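Engineer: Sequence:
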Amino acid sequence: MIALIAYLFSPLTGVLVYFLEQDNEFARYHGAQSVVFGLSVIGLYVALTVVMLVLGVVAGAIPVLGVALEMLLWLVSLLVSLVLWLGVFLAWLFLVFKAYQGDVVHIPVVTPVAQKYLL
Numbered sequence: 198m199i200a201l202i203a204y205l206f207s208p209l210t211g212v213l214v215y216f217l218e219q220d221n222e223f224a225r226y227h228g229a230q231s232v233v234f235g236l237s238v239i240g241l242y243v244a245l246t247v248v249m250l251v252l253g254v255v256a257g258a259i260p261v262l263g264v265a266l267e268m269l270l271w272l273v274s275l276l277v278s279l280v281l282w283l284g285v286f287l288a289w290l291f292l293v294f295k296a297y298q299g300d301v302v303h304i305p306v307v308t309p310v311a312q313k314y315l316l
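So the number in the numbering used here is just where the residue sits in the sequence shown, counting from 1, plus 197.
Please keep in mind that the hints were generated in silico from the structure rather than gathered at the bench. As the structure is a prediction and not an experimental result, all values here were calculated from the model. All C-beta atoms, glycine included, are put in the ideal place defined by N, C-alpha and C. Warning: the hint list may mix true and false statements.
To be verified - Computed spacing ranges between beta-carbons, pair by pair:
(1) Ala288 - Met198: 38 to 44 Å
(2) Gly257 - Gly299: 50 to 56 Å
(3) Ala258 - Asn221: 52 to 58 Å
(4) Phe223 - Val277: 32 to 38 Å
(5) Leu245 - Gln312: 22 to 28 Å
(6) Met198 - Trp271: 40 to 46 Å
Build out the structure end to end from the sequences listed, making use of the hints.
Structural biologist: Spelled out as structure tokens, the structure:
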């Protein structure tokens with residue numbers, strides 16, 4: 198049950214679980230994974246925002262088609278954000294469910310980073 202708490206407000210609750218559950222390796226594993234997962238999601242959203250901002254500025258500098266390109270980029274950005282949000286939400290639900298069941302989940306990029314630097 199403590200492992201489930203690690204994912205509720207990732208990465209903040211992951212940090213709390215990681216440091217407060219020194220004797221519970223299962224909870225620490227999920228806490229570390231929650232921290233890396235949460236920071237990865239934040240980094241992904243920041244990168245997407247920066248890329249879309251730069252593309253919007255570049256598109257806006259084009260004299261005739263600038264406004265149309267900016268609107269198209271806004272629409273693409275919205276769609277990408279929605280798909281990304283849905284994927285992150287489904288992954289988060291899966292992680293919460295598996296932590297509640299007591300299972301260890303290996304996320305391809307996240308788990309090796311968590312194991313290397315936090316565990």
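Engineer: Hint by hint, note whether the structure agrees.
Structural biologist: Hints versus structure:
1. Ala288 - Met198: 38 to 44 Å: violated (20 Å)
2. Gly257 - Gly299: 50 to 56 Å: holds (52 Å)
3. Ala258 - Asn221: 52 to 58 Å: At roughly 55 Å between Cβ atoms, asparagine 221 and alanine 258 fall inside 52 to 58 Å, so the hint holds.
4. Phe223 - Val277: 32 to 38 Å: holds (35 Å)
5. Leu245 - Gln312: 22 to 28 Å: With Cβ atoms ~27 Å apart, the hint holds.
6. Met198 - Trp271: 40 to 46 Å: Since the Cβ atoms of methionine 198 and tryptophan 271 sit about 43 Å apart, the hinted range of 40 to 46 Å holds.
The earlier numbered hint that this structure contradicts is number 1, and it is the only one.
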